[in-house]
Every structure is written in C-alpha cells, then in structure tokens.
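Enquirer: Dock chain B against the given chain A, drawing on the hints supplied.
Protein chains: 2
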Amino acid sequence: MGRIRFLPLKKEIENGGGRNILQLATEAGVYIQSICGGKKKCGKCKVIIEEIEQSLAPPSDFEQDILGPGHIDKGYRLACCTVLTGGAVIRIPEESQARRQVILTSGTSYAYPAKLQPVLDQYLVEVQTPTIQSVRADLERLYMSIEDDFGLKHLTIDPIALRKLPFSLRSYEKGLVATIWDKQEIIDLQKEAQGPLMGMAFDIGTTTVVGYLMDLLAGKRLSVKSAMNPQIPFGDDVITRISFCQEDPHGQKKLRSAIVQCLNTLILEASQEAGIDPCQIMELTVVGNTAMHHLLLGLDPKYLAISPFPPVMTNAMDLKARDLNIRIGPSANVHLLPLKAGFVGSDAIACVLASRMHLSKTETLLVDLGTNGEILLGNRNRMVCCSTAAGPAFEGGHISWGMRAASGAIEKVDIDPETLDVQMKTIHESGPVGICGSGLISAVAEMIRAGIILHRGNFNDKITSDRLREGKQGFEFVLSWAEENPTAHDIVITQKDVSELQMAKAAIQAGATLLKEVLTRDPQRVFLAGAGGNFIDPADACTIGLFPTSTNTDIIGIGNGAGQGACLALLDKRKRRDAQRIAEKMEYIELSASDKFQELFVSSMFFPTAVDFSDIF
Amino acid sequence: MGRIRFLPLKKEIENGGGRNILQLATEAGVYIQSICGGKKKCGKCKVIIEEIEQSLAPPSDFEQDILGPGHIDKGYRLACCTVLTGGAVIRIPEESQARRQVILTSGTSYAYPAKLQPVLDQYLVEVQTPTIQSVRADLERLYMSIEDDFGLKHLTIDPIALRKLPFSLRSYEKGLVATIWDKQEIIDLQKEAQGPLMGMAFDIGTTTVVGYLMDLLAGKRLSVKSAMNPQIPFGDDVITRISFCQEDPHGQKKLRSAIVQCLNTLILEASQEAGIDPCQIMELTVVGNTAMHHLLLGLDPKYLAISPFPPVMTNAMDLKARDLNIRIGPSANVHLLPLKAGFVGSDAIACVLASRMHLSKTETLLVDLGTNGEILLGNRNRMVCCSTAAGPAFEGGHISWGMRAASGAIEKVDIDPETLDVQMKTIHESGPVGICGSGLISAVAEMIRAGIILHRGNFNDKITSDRLREGKQGFEFVLSWAEENPTAHDIVITQKDVSELQMAKAAIQAGATLLKEVLTRDPQRVFLAGAGGNFIDPADACTIGLFPTSTNTDIIGIGNGAGQGACLALLDKRKRRDAQRIAEKMEYIELSASDKFQELFVSSMFFPTAVDFSDIF
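One line per chain: the protein sequences are A and B, in this order.
Counting from 0, one number per residue, gives the positions in the first sequence under numbering that gives the first Met the number 0.
Counting from 0, one number per residue, gives the positions in the second sequence under numbering that gives the first Met the number 0.
Just chain A, with the same shape it has in the complex:
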C-alpha cells in the first residue's frame, strides 16, 4: 500500500498492491511506450525509480540484458517487469514517453495533442511455429496472434507487404514488428528496432510545395524541404493551368507528372537530410487548394473554372501511394484531407485545424491572402467561408516593381510624415530590387498616414516633394532612388499599383464583411495564414482597411497553417476526423451568386476615413 507518483507529469495513484508499474501507469492515465503490450518482450517501457518505500526484487535477466549495468545503477527498470507493493516516485524518461507533449520545432505555438493517436501503430508480435499436428498458414497465425495479444480483429494485409511474411516470420528471433494502418490493414512487417516509423506531410501550393518529414511515433519533425511548384511554367495561377489542361491534349498528364516528380524529389531530399531510406516513410498527408488536389489525383479540373465551380470530390480520401507513383514504402497510404468547394481547398481546412478556431469560443476571422483569398469566419459553433478573386497584388503580381517575397524584396516601409523621407527593410537585408505583398501594404499604409494617398486611393496633388511626381502612367511615389539600389532605376509606387491593391483588399474586405453579416457577429481576432501573413503589420492592415474589424482587434500571423494542419493530420488520426467534420459542417457562400457582395466590393475599394485626416487639409 502507498502512493505512486509519476514524474514529470505529477500524476498520482493509490497502489492497491501487487501490480507492475506499467499497469499502475495505465490506470493513472500515464502513457509509457510499450509495443509488446506488457509481455516483457520489447524493452521499451524504461522507467527510473526515484524513491521507493519497499525493497524491490532484483532486476530479471531480461531487464539486465536490456538496461545494462550503467542504467540499472541509475535506478532504471522496465515498467512491465517491476512489481510495486508500496509507495514510490517513478520518473518516465523522455524516450519512454516519446509520444507526449511535442511542440512544433518552429512556426507557431500551437501544440500537438498531448498524446498522439497516429494512424499507424506498431506491434511486436510473436507467432507460433506450425507443427505437423496443427498446420496453419503463416498469415492466419499472424492474425491470430495479433487478435489474441492486442484485440485487433478483421485485419487485412496489403498484398505487397504480405510478400515479406514468410521470411520475417522465420528470421526475427525476438518476434516481428507489424505496422498496422488505422487498426485494420497490415502495411509492413519488419525486424524489431529497425528504426523509427516515418511519415511526410505535404502542402501543395500553386506557387510553392513544402514537405515535412516526421518521426510518427515521437511526433518529431526531422526535415523540411520546399520547392517551387514545377507546374508554374504551364501557368502562373490556377485558372491558367486549368486552361492549359483544355488546350493541350496531354496537359493534365503533364501537370500530374510534374507535381508527382516534385513530391518524389522532396521525399528524396528530406530522406537524405534525415539519413533514412524513403521506404521507411509509411504514410503521407496532402493538403492543397482544390485544383492542386485534383491535378495530383489525375482528376480533370475543368469544371472548377465553370460556374457553379463544382469539385470532383470533397471528402477525404485514402489511397495507395503506389497508385499515384509516389515512391515511399511500397504499401504506404496517402491521406488527402477534405476539400470544401472549388476554391476552398484542403489547405484552408488544414489552416482551421492548425488555428484550433473550430475548438474555440472566440469568433475568429481566418484569412489566407493569395490570388484566391480564402476567408473563414466563426467559432466552434458555426463557421462560414468564401473565396474571393483577390488578384495577384498580395503576391507582388501586376505591380510595377512587384516581386515575390524573395531576397531584396522591400517588406516594410517607413515614411517620415514631415520630410517624406523613406526608410525600408528588405528580405535578407539585401539592396532593394522590388516590393513584395507585405511591402506594398506597408508602403501604401505609410503613404496614407503621410497624407500622400487619399480616401479614394488617389494621390494628393497638393503635396510637393521630389518623390511625388508625374510618371508615364500618372502620379508615382519614389521609394528608392536609382543611385540607392542595385537596379539603377527609381523604385516607385504608381497610381495603378495603388488601384491594384485597392481591388485586392476590397475583395477580402467585402468577403469578410459578407460573412460577418451572415453570422451577424463581429470577429474578435484575425488569423492571417500564409507565408506573407507573418510579415503584415496589423497597424498597416488596419490603415488600408483590409479587414472589417475595429482598430484594436488582434491580427495574428499563424505562419504556414496549411502545412501545420497537414502535419497534425499526419501525426494524429483524430485530427483527420476533425478535418472531415469541419469540411462537412462549415457553410460555403458562393460570392459570384451574391449581389450583396458586388455592392460591398464597390464600397470596400476606398481606404478607411478614420485615418484619412489628410483629406481634410
């Protein structure tokens, strides 16, 4: 009798006596790794006995084998082998609590679920040898052992994995490790301790593709690799690529090959960096916008471009990686997260997952700024969403000096309201060569504050300054003189650039306003997804009126929410169910059918008057 205390979680339990540490921990809700199910076979359930009220039986031969004298001297024991009769303080070392409390190594502060439920489990199985009196087939004996030891019934096996069975069964002395997908399909058989189980999460954007290689059981990120989407030469944006599929008879196939090859390259690169074999990767998750999803699956995206823009499918799907020519473990599955609509893809659903707005009471506006701006509003009770054609301004497109967020792009601008002198910050601190989306927002916001740009977006011709001048296409403002930058040209913001931004921000503002009116509730915070989101200054967003929110509403960049959501779904199957539920429950508003949206769009073209004091002069 006595109290058992588990560290580092500080959970306690009364010891009824006579049970081993593994059993006590399970009862206390403390997770200790064990793949043999407490059968004294796997040696994974190492614990450290820090204090003890009783005298312990000496370590068994098996414990001595696994732990070695160095560990035993430090108080290490195996939880399944050690029976406690009295009170004790037990520490679960990190290697035995590997699935716990893992935090993304970078990005945001959203934690992985405290205890993961990966879609793959590994079981150490001991299968009986057939005898001449009782000959049963290898597979049926394997099924029987798994059912007896772990209670899993009605299993199937992938036919490629099955080929490893006769050898595995007879060659692994300590039993073989079966990797089981979703408690239903055996997808691999291997030797005990053949290295960790890997998975990879992909976020396929129109412009960039990012792959995250993860240790599935430890929940650790091992490598991140990204590449430009190799479909770009066939079309910069989604609509151009869809047209390409119509014009070129092999268009769809070319786009599919390109993206599959890209995934395979990222898989190889990530595997090399982590020092693993790509065949150890046994599960993939994929998110992307609907067109990227369709092109990967080989589905004709044609109708995404024709009203009412129906996708071919929206539900989540699992299929064999080999059926997509993706070269990972030969029996591995690919999980494609669910879509919502033709222009609200699984990347948006994944952002919701990562942001946890579907679990929160707080009314949240989630915006992914891009050529298509996906806008989602709501909380755990109700969520609405829409997609607006914002145009390429947020990505630097159609802007005189616009560029992607790469080295030398101006991303932050500061204008002295007195002198109109310009200070700026560029990516990688290189000499300025152009301006990216967040830089454009920053520049225009500063120009509004300095009175250079007025309520309607027109330049204030009452201002006299060298920097404000008549250019080829009307007024322009010089951000950087030719002699100050490597381009040897003046870098300017033109009246037309401002108009482009007005169109883009109007699309977002009008969409968000419409959602607000549908929900009849105001957003209490704004999450900005996408790489750009982290670099947009909330004050700037407010100044240009990007969102229909009051000035003191929090605007928080959540980084690559889509990629993060894909990682979450890779590590925890409950997140997949969540994603499916989000996609089903969320209401989609088709803006092209809405007269109200047209009205809102027109009125959202202006910059907010609240800060437009310059207009009064």
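Just so you know, the hints here were simulated from the structure itself, not pulled from any lab data.
You may find that some hints are simply not true.
Identical chains blur together in the list; that is why a pair holds if it fits in one copy or across any two.
[Unchecked claim] Computed list of lysine-lysine pairs in DSSO-like fashion (alpha-carbon distance at most 30 Å, straight line):
(1) Lys173 / Lys253
(2) Lys40 / Lys114
(3) Lys190 / Lys252
(4) Lys301 / Lys40
(5) Lys38 / Lys114
(6) Lys319 / Lys182
(7) Lys40 / Lys152
(8) Lys163 / Lys584
(9) Lys515 / Lys461
(10) Lys163 / Lys252
(11) Lys163 / Lys253
(12) Lys253 / Lys319
(13) Lys495 / Lys471
(14) Lys152 / Lys252
(15) Lys495 / Lys301
(16) Lys152 / Lys301
(17) Lys301 / Lys173
(18) Lys301 / Lys163
(19) Lys319 / Lys301
(20) Lys319 / Lys163
(21) Lys495 / Lys173
(22) Lys319 / Lys252
(23) Lys152 / Lys114
(24) Lys495 / Lys461
Expert: For chain B alone, coordinates are given in the frame of chain A:
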C-alpha cells in the same frame, strides 16, 4: 383483378391491381433485368404480353422509342411502364431473363445457380446538376443518387475509376452506368449500353493454364483459351520450381513474370476471339494449387517444401489486378479462391464447388489425379482431405513410352485374352507415338485381365507370346510393333512401368483408404477431376484397384472441375462464400505424419486379387 402467369417459368401471382409488370414479377419471384431500378430509364425490362383480360394503355413515347414498331406489334412492352389491372400471361424473353438457368456450354451437367448474384452490379444513375445555390461535388452527388435510388450506403470509389467521373457525369444524356463491386466499391463509370460486363476465370495448373471469358450478367461463356504453363522450362513439377526459387536469386521473380505474362496473353486471345476490349474485363477469379497461387502473388513458396508444409496464407483474397500487373480494366479486382493446405490448393476447393458434393448427402470421393493427388472424401456434413505424392506416372512421366495426353498418345487398349492381340485407340486417331496416363491404366488393366500381369505386379512368365519378351530392363510387353507405328520402334510396357503405376495408384488408394477410416464411412460414388479423369474407364480403375471402392460404385469424370469452380465463383458471389466455408470446415490430414498411411501404402501396391484369377494357374 385476375391471375398473372409468367412464362417460361410458369410462376403465377394474384394481381391486386394497379401495379406494373416489373413490380408484379418481383413479387412473384420472377427476375426481369432492369438496371435503372424501374425508373423508366434503361429500357432493359422487355416483356411480351401473350394474353390479356383487360385493355392496355397504348405504349408510352419512351416504350415506342426503345421497342420500335416491329416489337410492339409482336406484343412487346416494357415491364416498368405497363400497369396491369386484370389477369394476363406474360413471357419474359431471353434477353430480359439473361441471368437465369444458364448451363455450362460444355463439360458437365452441373448448372449455374438459377439466379446469379454476381459480385459486380451495374446501376443506371441519374445525378443532379449542381446549381449555384447548392454546389455539391460530383462524387458526393453520385453517392447520394445511388443511395437514394438503390439504397447502397458507405460506397467508396477506386481512384482510377474516379478519373472518369467529371466527363461521364456531363456527357451521358441518359445517365451513367456505375459498375459496383460487392455493393461497396465503384470500379467503373460508363455510358449506357456500352456492351456487356466481362469477367475471366483462370485455372492455373502446374502444366496447363486455362482461362474462361464470361459475360458476367448473362452468365454466358464467350471464349476458352489455354496454354502450357510457361514455368515448365524452370521445372516440370512444383517441387523443382520451388527449388529453382532457392537456387536462382531472381527465380521467384522469373516464375511470377512468366505466369503473369501467360495470363495477359490468354486475356488478349480470349478478348480477340470474343471481339471485346480487354479493359471491359472487370473481374477475375483464380484457382490453382498452392504453389501456383503463391508464385502468382509473389509469395515465397520455399516453406511449402519443408515439413510441416505451411502455406503463406489460405483465406480467399481480393486485390487490384493492377497490383499483379494483370492488364484488364484498370480498377478491376482479382479474387483468389481459398486454399486448404500446402498441397491442397484452391483448385481442389473449386472442384468441390463444381461437384456440389458439399451440398449433397451422398458420401463422395473426389480425386484429382496428378503428380500430387488431391483426395477429398465426405458430404455436406463432414469432409476430410489429404494430398499424396503420386509421382508423374498418371501424366505419362517416368514411363518408357510415356507422354502427355496429346496427339498420337495411346489412351485406350484392348487385349484379346486368347491371342494377346492388341487393339488401341489414340488421341486424334493418329498413329501411336507413346502412351498417356489413362492409356497406361487401360493397358495394365487389360494385361491383368489377360493374365499377363499378376497380383504383385510381376509379369507372368508362364505365358508364351512374341509380345511378352525379355527386354533390357527385364520383361516387357509389346503394345505396337515398330512397323505399325510412326516411331519405327516397338512401343512397350516394361516391368518398371508397371512398378511406377503401382506406386502411383498405391498412393491414391492408401490416401483414400485412410480418409475412409477417418470418416468411418464408404464412398458411394467417385468423382474423377482433371482432364485425364474423363478418359479413365471405371472398369479399368477397378481392375487396378485405384480406389478403395466396391466394383459397382459409380466412377464419374467431372472434367475440369477446378476451372468450372473458378467460373462459378466468377459468376456468383455466394459461391465465394461457399468456397471459404468449405476451406475452413474441411479437415486436412497430413499423410507424412501418419504411420498408418505408410502401412496402407505398402499393402496398396498390389493389384486386387478379386480379378487376379490368372494367378491361380
């Protein structure tokens, strides 16, 4: 009110009034083809009204379209469109009752089930067009329509079939036809009336491979193609091929490629003969001995040759044809029938299916004569089985003039007991060039009857005849003189040939005797499976003592029972369940573990004394 009589089945039903012929037929248990579920879309439910008590409404526009004036004049109507208020006599023409009462076009008299339940069904589906007010994805709309119209829930779709969806949905005016596997997976989408649904059944023997191309819904056999098993160059029998896999590092792969290529060739040949595209083949069934099964699946057969001879798996398995590189419909499945043991394969289970012994009260002995003789005994209550190494004698192996059952093989011998003159029948009536298995049995039986061979198998040296002489290896008997046959040599039966046959028949007789003792019941009939079975004279079998049966027990050749069983399982999914149940329930006796079998084997070497009157002389 009145009585409705359905021809040709002569089923009757009282007409409660106001229902259409399709509904009345369903109630009467009469099957009329209809893939639209009675929604007046498919035009498949043609019937002929032969007598009628009422006046009928004139044919609708749809009926006139489908039937044309020629048919309408002959009394044709569509069952779903025609409401009957009074009595009538309705004939279901053959095209509308296609799944009924189909008999194998050749082979035996075992009928297909009266009403087939194929594993594939086709449904004519009308899917709603999405509107801007209610945009749902193509796939979800398809699922919804199928659920609403046919009650099928929780469907999945093969990812390759999914690629056809956007086009199919928008191009087929009369709705699209979904092919659904086992009421759970959509595996094809096509235009209405795009030709029949095809399947193919394969029997993979160690020596020959036979493929049957079938129209699945009509239950008709369209083409049969066979080939020598291309694995023969790697080893004549199973054991040699298993050894080859051990000796050659690529051995298993070579054998797998060879058989897959053979199946693909037979698929092409059968398709060409039937004038179809191999892609119309949407389901395959495969039976074979355990080694052939394993080699096709890519499973190492090594342990089949090592006691206790465990197979890698025994249960039935469904997998994608593409995962085996079999080139049929891209989403088609392959069903491998269940095995019983290392040397009782799915061919034996298929023989049981075809013979229907598992449904009969009659105690049946089923024997497949081959290098491995599979022996099964029992009835619907209990069945036992074993496998014996009979050696190659039944296939003409290890016999001086032995050959396979090909042109010119002696298959039947007649010896005049007075003159010892020999009459013989050869395959294709060609000049004799050798002797096949059934010919050997016939020759030895006749030699026993003529007193040339005695009880113990030795030649009777008291007989004087030119034909009985001392050869290089002891006594031999001349069947055909050099000048009578194209070989220009005397064709003889030697003492050693007789010993080989004694070994082979002893294996069968001892195995069957052991099963008889396990069951403690006598066989009431014998089914002989395999190509040779049809050509063995029951009297000859009796004379040499092939089976432990009394002389008046029926011995019936059932032809290629394995191939027939594969066809049954292709056409009717209930037969697959039957096969699985047979495999699970049947008891397997391992002879290599049985001392009793050794004893029986030795005593079975002799020929029966009952006919051995010559011994007395």
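Enquirer: State for each hint whether it applies.
Expert: Hints versus structure:
Taking the shortest alpha-carbon separations for Lys173 and Lys253, neither the intra-copy value of 48 Å nor the inter-copy value of 32 Å comes in at or below 30 Å. For the identical chains of this complex, Lys40 and Lys114 are intra-copy neighbours only, at 23 Å inside a copy versus 54 Å across copies, given an alpha-carbon limit of 30 Å. Taking identical chains as interchangeable, the C-alpha atoms of Lys190 and Lys252 lie at most 30 Å apart only when they sit on different chains, with a minimum of 23 Å there against 39 Å within one chain. When the C-alpha separation of Lys301 and Lys40 is checked against a cutoff of 30 Å, the pair qualifies only between copies, where the shortest distance is 28 Å, while the shortest distance within a copy is 55 Å.
Taking CA atoms no more than 30 Å apart as the test, Lys38 paired with Lys114 passes inside one copy only; the shortest distance there is 22 Å, against 52 Å between copies. Taking CA atoms no more than 30 Å apart as the test, Lys319 paired with Lys182 passes in both settings, with 16 Å inside one copy and 21 Å between copies. Only within a single protomer do Lys40 and Lys152 lie at most 30 Å apart by alpha-carbon distance; the minimum there is 22 Å, versus 43 Å between protomers. In this assembly of identical chains, Lys163 and Lys584 lie within 30 Å of each other by CA distance solely across copies; the values are 28 Å between and 42 Å within a copy.
For the identical chains of this complex, Lys515 and Lys461 are neighbours neither inside a copy (38 Å) nor across copies (114 Å), given an alpha-carbon limit of 30 Å. Proximity of Lys163 to Lys252 under the C-alpha cut-off of 30 Å is restricted to the inter-copy arrangement: shortest distance 14 Å between copies versus 33 Å within a copy. For the homomeric pair Lys163 and Lys253, the shortest alpha-carbon distance between copies (18 Å) is at most 30 Å, but the shortest distance inside one copy (35 Å) is not. In this homomeric assembly, Lys253 and Lys319 come within 30 Å of each other (Cα to Cα) both inside a single copy, at 21 Å, and across copies, at 25 Å.
Proximity of Lys495 to Lys471 under the C-alpha cut-off of 30 Å is restricted to the intra-copy arrangement: shortest distance 11 Å within a copy versus 109 Å between copies. With identical chains, the CA atoms of Lys152 and Lys252 are never at most 30 Å apart, being 40 Å at best within one copy and 32 Å at best between copies. Taking identical chains as interchangeable, the C-alpha atoms of Lys495 and Lys301 are never at most 30 Å apart, the minima being 32 Å within one chain and 76 Å between chains. Taking the shortest Cα distances, Lys152 and Lys301 sit within 30 Å of each other only across copies (28 Å), while inside one copy they are farther apart (43 Å).
Only between protomers do Lys301 and Lys173 lie at most 30 Å apart by alpha-carbon distance; the minimum there is 22 Å, versus 54 Å within a single protomer. Taking identical chains as interchangeable, the C-alpha atoms of Lys301 and Lys163 lie at most 30 Å apart only when they sit on different chains, with a minimum of 13 Å there against 42 Å within one chain. Taking CA atoms no more than 30 Å apart as the test, Lys319 paired with Lys301 passes in both settings, with 25 Å inside one copy and 29 Å between copies. In this assembly of identical chains, the alpha carbons of Lys319 and Lys163 lie at most 30 Å apart whether taken from the same copy (18 Å) or from different copies (19 Å).
In this homomeric assembly, Lys495 and Lys173 never come within 30 Å of each other (Cα to Cα): the closest approach is 72 Å inside a single copy and 52 Å across copies. Taking CA atoms no more than 30 Å apart as the test, Lys319 paired with Lys252 passes in both settings, with 19 Å inside one copy and 22 Å between copies. Taking CA atoms no more than 30 Å apart as the test, Lys152 paired with Lys114 passes inside one copy only; the shortest distance there is 24 Å, against 33 Å between copies. In the homo-oligomer, the alpha carbons of Lys495 and Lys461 lie at most 30 Å apart inside one protomer (19 Å), although the nearest pairing across protomers, at 121 Å, exceeds that limit.
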